[in-house]
Amino acid sequence: MNELARFFRLIATDRGAALTRLQRGIGVLRARWLFRRCEIGERVNVLSGVRVLAEGKVRLGNRVQFWEGMIPQELLCFEGAELTVGDASLFNYGVSIRAVQSVRIGARCMFGSFVHVHDHNGKKGAPIVIGDDVWIAHGAIVEPGVTIGDGSVVSAGSVVVDDVPAGSLAVGNPARCTELVADPRGRAQHEVMSGPAQAQTKG
Amino acid sequence: MTLLEELSSSWKLRRCASVGPGARATGLIWIHGPGVVQLGARVVLDASRAPIQLKTFTPESRIILGDDVVVESGTSIEAVLSVEVGARTRLGCFSKLMDNNFHPLTGNRLERPPSAPVLIGEDVEIGVRAILLAGAHVGSGATVRAGTVITRRLRVPERGIAQGLPAVLR
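These protein sequence lines map, in sequence, to chains A and B. For the first sequence, the residue numbers in the working numbering are 247 to 449. For the second sequence, the residue numbers in the working numbering are 13 to 182.
Since no wrong hints were added, every one of them can be taken at face value.
So, partial list: chain A residues that the calculated Cβ filter (under 7 Å) puts toward chain B:
#1 Met316
#2 Trp381
#3 His384
#4 Val399
#5 Ala402
#6 Gly403
#7 Val417
#8 Gly418
#9 Asn419
Rather than coming from a laboratory, the hints here were simulated on the basis of the structure. Every value quoted in this text rests on a predicted model; they were computed, and no experiment measured them. Note that CB positions come from ideal geometry on N, CA and C, so glycine has one too.
Using the sequences and the accompanying hints, generate a full structural model.
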């Protein structure tokens with residue numbers, strides 16, 4: 247009841263903030279429904295829609311966000327497979343993740359629009375491991391069996407076929423890695439800022 | 013164009029600041045944000061297979077499409093500063109134009125880096141799934157092949173052909 251009263255007070259003072267809060271609340275409820283067969287953490291937020299298949303074991307961490315956009319995201323976990331997403335990871339529209347064996351995604355990762363992470367391409371299948379603080383930009387493709395280290399960046403449109411070491415920048419088709427100078431202080435800031443309140447900075 | 017098509021096009025393009033005569037829009041078209049979107053004459057937005065997104069982030073943001081521009085399905089244009097597309101240019105399916113990378117490579121990933129305008133000349137052919145990032149500059153009559161990523165490092169000259177990732181001139 248106390249929270250409801252606080253919400254009504256927010257409507258009276260700041261209409262925009264109240265609307266954002268409401269959208270977030272609806273998103274959290276929607277996520278609970280969509281991921282009802284999965285193990286999900288607190289405040290997982292789905293701003294539009296996600297295509298979910300949870301035949302295998304799906305685990306989502308706290309504050310995972312699925313943003314709205316042109317095309318809904320796709321999170322498929324087939325029978326006997328394992329799909330794990332760490333805390334506070336962000337998924338932009340059109341992201342497609344398919345697990346036939348195992349896909350593990352770390353905490354605070356960012357997935358740009360139209361990123362494909364499929365651990366089976368019809369012939370070959372191998373588990374994919376993506377570390378913490380990884381940013382995979384628009385349209386990049388991660389091939390089966392790839393391990394991406396902590397803090398790495400995969401640039402837009404790249405096709406990652408080999409392992410990416412931690413703290414590196416992968417560019418090209420096929421992707422080649424160069425070193426990326428990471429700032430550990432910035433990483434902590436990112437952790438603080440990746441709460442749901444930041445969802446509106448980019449849709 | 014029948015009357016019905018004309019009416020539905022003008023309804024879909026109602027959020028544009030200015031629309032030239034004969035502009036045509038089919039399918040789901042998202043025009044959002046506080047900025048200015050200007051479409052030239054006879055622009056075709058064909059979103060029959062996938063939605064088209066024209067997004068502005070600030071009141072100063074500008075998206076300008078010249079006359080006779082054809083935008084195919086799934087194209088997304090995001091402008092923080094400005095994206096300008098010259099006349100008679102064709103944007104292929106699922107191409108992406110953005111004038112900001114939205115996240116810095118290092119440091120606080122949710123901080124927005126500075127923008128650099130995207131400028132595309134006239135009679136340009138942008139291929140399927142091509143990506144034009146901040147500061148991309150494509151000269152008139154140039155061709156950007158499918159899947160190419162153009163950044164501020166490579167300036168495509170007039171009538172040049174860019175291909176590959178990282179992009180090279182042919």
